[in-house]
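Trainee: Given only the sequences and the hints, what does the whole structure look like? Please build it.
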Amino acid sequence: MSSVDLLLPLLIAVPILAATLPIALGLWLDRTGWTVATLTTSALFIGATALASIVYTRGADVTHTLGGYSREFGIELVADQFSMLIVLLVTAVATGVLAYTRRGGPRGNTFYTAYLLLTAGLLGISLTGDVFNLFVFLEITSLATYALVASGDGPEAAVASLKYLILGTIAASMYLIGVAFVFMATGTLNMLELADAIPAAESQTLIHTGVAFIVVGFAVKVAQWPLHTWQPSAYQQAPDGVTPLIAALVSTASAYAFGRLIVTVFGVEYLTAMPNAAAVVLTIGCVSVLAGTILAVIQTEVKRMLAYSSVSQFGLVIAAYGVVIAGRSETAFIGAAIHLVGHGLVKAGLFLGVALVARSYDARTVDEYAGLAKSRPIAAGAIAVLLLSLVGVPPGVGFVGKWYIALGAVQSELWPVAAVIFLSTMLTLAYAARLLEKMYFTPSATAERPHAPAPVATDGGDAGPDDSAAEPARDEPGAAIAAIRGDRSEAPVSTGMVAIVVLAALGAVALGFAGGTIAELLDPFLTEVIN
Amino acid sequence: MVADIRPLAAVLVSAVAIVLIVASHRRPNLREGWSVVAALAKFGIIVSMLPAVMDGTVFAWSLRESTGIQFLSGIDFALRADPLGIFFALLASFLWIFTSFYAIGYMRGLDEHSQTRFFASFAASLSAAVGIAFAANLVTIFVFYELLSLVTYPLVAHNEDSEARIAGRKYITYTFFGGGVFLLAGTAMIYWLTSLVRSGPTLAFEAGGMDALAAAAQAEPVYAQAAFFLLIAGFGVKAALMPLHSWLADAMVAPTPVSGLLHAVAVVKSGAFGIARVILEVYGPGLIHDLPLDVPGIGTVGLNIPVAIVAAFTLTAASIIAMRKDHLKRRLAYSTTAQLSYIVLGLSMLHPYAMVGALFHIPAHAFAKLTLFFCAGSIHVETHTDYISEMAGIGKRMPLTMTAFTVGAAGMAGLPPVAGFVSKFYMLLGAGSMGGEYWLFAAALLLSAVLNVAYFWPVVYTAFFESEDRHDAKPLLEFPRGGLVESYADRSDADVAADGGQPTDGEADRSDPERADADEDGTDEYAVDEYPSDAEVPGGEQVSSVDHHGDFDDHLTGGPPADGWPRRSPSTETTWLMLAPIAVIATGAVVLGVGPDYAVFLDLARQIVGGVFGLPFEELTAVPFDRLVTEVST
Numbered sequence: 001m002s003s004v005d006l007l008l009p010l011l012i013a014v015p016i017l018a019a020t021l022p023i024a025l026g027l028w029l030d031r032t033g034w035t036v037a038t039l040t041t042s043a044l045f046i047g048a049t050a051l052a053s054i055v056y057t058r059g060a061d062v063t064h065t066l067g068g069y070s071r072e073f074g075i076e077l078v079a080d081q082f083s084m085l086i087v088l089l090v091t092a093v094a095t096g097v098l099a100y101t102r103r104g105g106p107r108g109n110t111f112y113t114a115y116l117l118l119t120a121g122l123l124g125i126s127l128t129g130d131v132f133n134l135f136v137f138l139e140i141t142s143l144a145t146y147a148l149v150a151s152g153d154g155p156e157a158a159v160a161s162l163k164y165l166i167l168g169t170i171a172a173s174m175y176l177i178g179v180a181f182v183f184m185a186t187g188t189l190n191m192l193e194l195a196d197a198i199p200a201a202e203s204q205t206l207i208h209t210g211v212a213f214i215v216v217g218f219a220v221k222v223a224q225w226p227l228h229t230w231q232p233s234a235y236q237q238a239p240d241g242v243t244p245l246i247a248a249l250v251s252t253a254s255a256y257a258f259g260r261l262i263v264t265v266f267g268v269e270y271l272t273a274m275p276n277a278a279a280v281v282l283t284i285g286c287v288s289v290l291a292g293t294i295l296a297v298i299q300t301e302v303k304r305m306l307a308y309s310s311v312s313q314f315g316l317v318i319a320a321y322g323v324v325i326a327g328r329s330e331t332a333f334i335g336a337a338i339h340l341v342g343h344g345l346v347k348a349g350l351f352l353g354v355a356l357v358a359r360s361y362d363a364r365t366v367d368e369y370a371g372l373a374k375s376r377p378i379a380a381g382a383i384a385v386l387l388l389s390l391v392g393v394p395p396g397v398g399f400v401g402k403w404y405i406a407l408g409a410v411q412s413e414l415w416p417v418a419a420v421i422f423l424s425t426m427l428t429l430a431y432a433a434r435l436l437e438k439m440y441f442t443p444s445a446t447a448e449r450p451h452a453p454a455p456v457a458t459d460g461g462d463a464g465p466d467d468s469a470a471e472p473a474r475d476e477p478g479a480a481i482a483a484i485r486g487d488r489s490e491a492p493v494s495t496g497m498v499a500i501v502v503l504a505a506l507g508a509v510a511l512g513f514a515g516g517t518i519a520e521l522l523d524p525f526l527t528e529v530i531n
Numbered sequence: 001m002v003a004d005i006r007p008l009a010a011v012l013v014s015a016v017a018i019v020l021i022v023a024s025h026r027r028p029n030l031r032e033g034w035s036v037v038a039a040l041a042k043f044g045i046i047v048s049m050l051p052a053v054m055d056g057t058v059f060a061w062s063l064r065e066s067t068g069i070q071f072l073s074g075i076d077f078a079l080r081a082d083p084l085g086i087f088f089a090l091l092a093s094f095l096w097i098f099t100s101f102y103a104i105g106y107m108r109g110l111d112e113h114s115q116t117r118f119f120a121s122f123a124a125s126l127s128a129a130v131g132i133a134f135a136a137n138l139v140t141i142f143v144f145y146e147l148l149s150l151v152t153y154p155l156v157a158h159n160e161d162s163e164a165r166i167a168g169r170k171y172i173t174y175t176f177f178g179g180g181v182f183l184l185a186g187t188a189m190i191y192w193l194t195s196l197v198r199s200g201p202t203l204a205f206e207a208g209g210m211d212a213l214a215a216a217a218q219a220e221p222v223y224a225q226a227a228f229f230l231l232i233a234g235f236g237v238k239a240a241l242m243p244l245h246s247w248l249a250d251a252m253v254a255p256t257p258v259s260g261l262l263h264a265v266a267v268v269k270s271g272a273f274g275i276a277r278v279i280l281e282v283y284g285p286g287l288i289h290d291l292p293l294d295v296p297g298i299g300t301v302g303l304n305i306p307v308a309i310v311a312a313f314t315l316t317a318a319s320i321i322a323m324r325k326d327h328l329k330r331r332l333a334y335s336t337t338a339q340l341s342y343i344v345l346g347l348s349m350l351h352p353y354a355m356v357g358a359l360f361h362i363p364a365h366a367f368a369k370l371t372l373f374f375c376a377g378s379i380h381v382e383t384h385t386d387y388i389s390e391m392a393g394i395g396k397r398m399p400l401t402m403t404a405f406t407v408g409a410a411g412m413a414g415l416p417p418v419a420g421f422v423s424k425f426y427m428l429l430g431a432g433s434m435g436g437e438y439w440l441f442a443a444a445l446l447l448s449a450v451l452n453v454a455y456f457w458p459v460v461y462t463a464f465f466e467s468e469d470r471h472d473a474k475p476l477l478e479f480p481r482g483g484l485v486e487s488y489a490d491r492s493d494a495d496v497a498a499d500g501g502q503p504t505d506g507e508a509d510r511s512d513p514e515r516a517d518a519d520e521d522g523t524d525e526y527a528v529d530e531y532p533s534d535a536e537v538p539g540g541e542q543v544s545s546v547d548h549h550g551d552f553d554d555h556l557t558g559g560p561p562a563d564g565w566p567r568r569s570p571s572t573e574t575t576w577l578m579l580a581p582i583a584v585i586a587t588g589a590v591v592l593g594v595g596p597d598y599a600v601f602l603d604l605a606r607q608i609v610g611g612v613f614g615l616p617f618e619e620l621t622a623v624p625f626d627r628l629v630t631e632v633s634t
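So the sequence lines, in the order shown, correspond to chains A and B. Using the UniProt record's numbering, the letters of the first sequence map in sequence onto residues 1 to 531. Using the UniProt record's numbering, the letters of the second sequence map in sequence onto residues 1 to 634.
Quick caveat, the hints were computed from the structure, so don't treat them as lab data. Computed from a predicted model, the values in this text were never measured in an experiment.
Here are the simulated EDC-like pairs of lysine to aspartate or glutamate, each with C-alpha atoms no more than 20 Å apart in a straight line: (1) Lys396(B) - Asp469(B); (2) Lys170(B) - Glu160(B); (3) Lys396(B) - Glu573(B); (4) Lys374(A) - Asp362(A); (5) Lys396(B) - Glu466(B); (6) Lys396(B) - Asp563(B); (7) Lys170(B) - Glu437(A); (8) Lys163(A) - Asp153(A); (9) Lys374(A) - Glu160(B); (10) Lys374(A) - Glu437(A); (11) Lys374(A) - Asp111(B); (12) Lys374(A) - Glu112(B).
Mentor: Here it is, written out as structure tokens:
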């Protein structure tokens, strides 16, 4: 048994140590980074799977106290049913994205150092049982992300990274101030100790203040409207190979941490009794759902559109937390957990698909996706499945998360929230269908391309240039695509890249059938924290 | 309940066919072969369950029992072949066989693009439709309902031009609003309501209504009413209840086999079918009748009354709109809107007779309307004519097609001996037995029959009894109400004299506003292909197509050739691939009308209604209605 809990520190320490290897080995060898990262993340995935099987079959938490100090003084790592979902997602996505970066870049050993540090930070967030330690891992994650975003091309990436750095640091400070207030009131930092100490604390005002700071801090980290502004530019400017990782995991881990604080540290019962707590969280979530979608619909860049979509999808998760607080609803919490995992997987797949398209055709705007279904049927199919999962078409995973969240809202009789959640299907459809329609039902290379191919020039500006330019394009899209996209068409898209997008799509559908299973897996955890 | 894999097999057989269709996209004959094989296999599987189901067996398949996977906590993903399910599945799969032949003839006749996507989506639609038929609970039906919206979208947007894309957008917006918002919200509310009572949360259909829901409705009547209307609205979108109907007419840009099987049978009937499930097996007539709605100023009415009013309004209004549609497929679409409301109206009258009539109207309308659409499509493929005003004398050119059209039109109007008469008769009996304000609904039914004649007779009349150079404007229909002094004959005669024998030229600038629109829309096509019919029809050859799929765009290309319609015999009017399905389906409509007792559908309908009220249908007639609902609800 003692050997099992060693897995916990290993899951965090191994990627941190491995992060030094690409640089160290880089002294002698070029391009070791990918190999090191692949070996490390694969090992992490195997370790996480082993740990998960123990946690879920045994039905009890696996804990490890660092250095043998008891949890009142030391730092504790905890793997329970909730955190293992996120650990599995993190390790799986971190491994999967490497299938793209092998050929798609960014290359270089330092990139993989940051990559592994980011993974370590995310695993730390998921596994820690200590609120200050959580801050440390949030910072490790953020610093690695700043570096990764800044490695994108051009000055815009640097600006995006700087914006993220400023807002991210403010958010982390907010969280730290909140923790400080809570520490003043209770004298402990361990999550389980806090759970006992908070309701008993004498100075409730300090704790209320702490909660307020923590909520704002996480609203920034999770990118909730109107504090989301760092997120679209960070997602857009980050290198294509990095965006899937960041989009799928960074905000997800923060949202997980927020959920952890709600159910484990403060406790649902305590927050229910706290005035306005539920209303604030619900409002943040619902407003973000609506605002994020509206902003997503008006975007022309696909990556930005998906970034704003994340604002609205995390809005659903935060709204679900609000329902958990307001109605003490287990169902909504299951929904939040499933939506975190499902959204992470779907967004990773979508951004990988976007990266693939950008790499093959340099197509980045919605209009440039016209006719994609004909030129890349498999990738387009996978993107379509992922988009539909995001919309919540059953049996995709998006439906499962939404069902539990909506059911939780209905059971708690929070009708406006339920209405927002049901309407979110339509709102998501508004931008997803735009992309689908472009890919499948808009012939490529029609009049909306300003630099249409040669025929206009050859027939000397006669009355019919419009017709003659449009007609051949409609009849043989292949030729027109080749004319426009020709210069980049030799850029190789590896089988691995296509395979990983397809795998994500299949995963999104497979998880759609796992709604009952995940609920069962979470059941012991929920009975502990909510009842 | 007998555990059996066949309900699943019936759903999956066409899903498997999708893979085969896509895989053989380079070999059209093989690809279409898979469609036919899948259609036959699906029908075979469903028929193999029919005798046992008619004896009272219910075949069930559940994901949890067969694989151990729980779909959602507390909710199983389950299929069940009960009488109501097999009723709809049998109809859809039977008609798919003939539609797949017809689709081959149609798509090849027009040399359509993206045929692989078309046939794959078509097979997927049938999978989803049978899934809806066999769904055993509200979540399962929701899953298939959403999938049906999804897989029919490529069929609506098939043309890939801006008109098709706009229609597609409208289609997917309406259907997802119905499914993803209303239906899902209603389902979640039912789950919550039933979790309030001791018998636990459930979503499974039960003949006569869910007991748990009946108990919960006593505690939370307002929420139970809200959930009822959410569910009805959710299914009502696909059943084209006003004001949620306007997607249907726009969806007519789809190729005609789609308009025929999906937008007259499988898709729209899945909405009507869903309403049947909600009324018969979620709430049950007893609960609907006993959960009164307090309307200020009127007093309390049953939950069914608002639904019946909407349906009665829809069927009247849609019939009136249909009269003024010159585009044949659009006229048929509004007729579909009206006829679907017959079904909803019959169901919402709650009387056993009305219910049997409503259920029997599902196949009765399906056979007749499919005939009409097939005829419209075959006219389009052969002559590129879509507008009724251009069909004068077309009876010479397509004698059998127009005869079948007449049969279908008679069915719509409910004239004996076509099937529509039987269903309408039962509904009138039901309305009469209920008495009171239900007489209004009976009046709406009768009025609608008259209107049906009013909008279908001109088509038949102009086809058989008018000729290309001598036909009049139909005063009620095409011109401002009351008619104009001028008529087609005057105008076209003058034009022919003036410009030397190109009657279509004269038709291009007629004064009807809809035509003016059509001209504007159609200018692009006009430049490409001005008079394809003039160019090729006189030789007797089939018109080769540019890209005409049956809406405003190709208005200018239709109509009779310069020297009038050539006279054809039934054997040469079109290909047997289209003619044979037309003949079979039209015959089916008559068989259903002449011998409903020998065709299986009426028996099934009686069995379903008997199951709902818990008595054999023959004994139901002896029990007064009030006792019927109160005894059932207890």
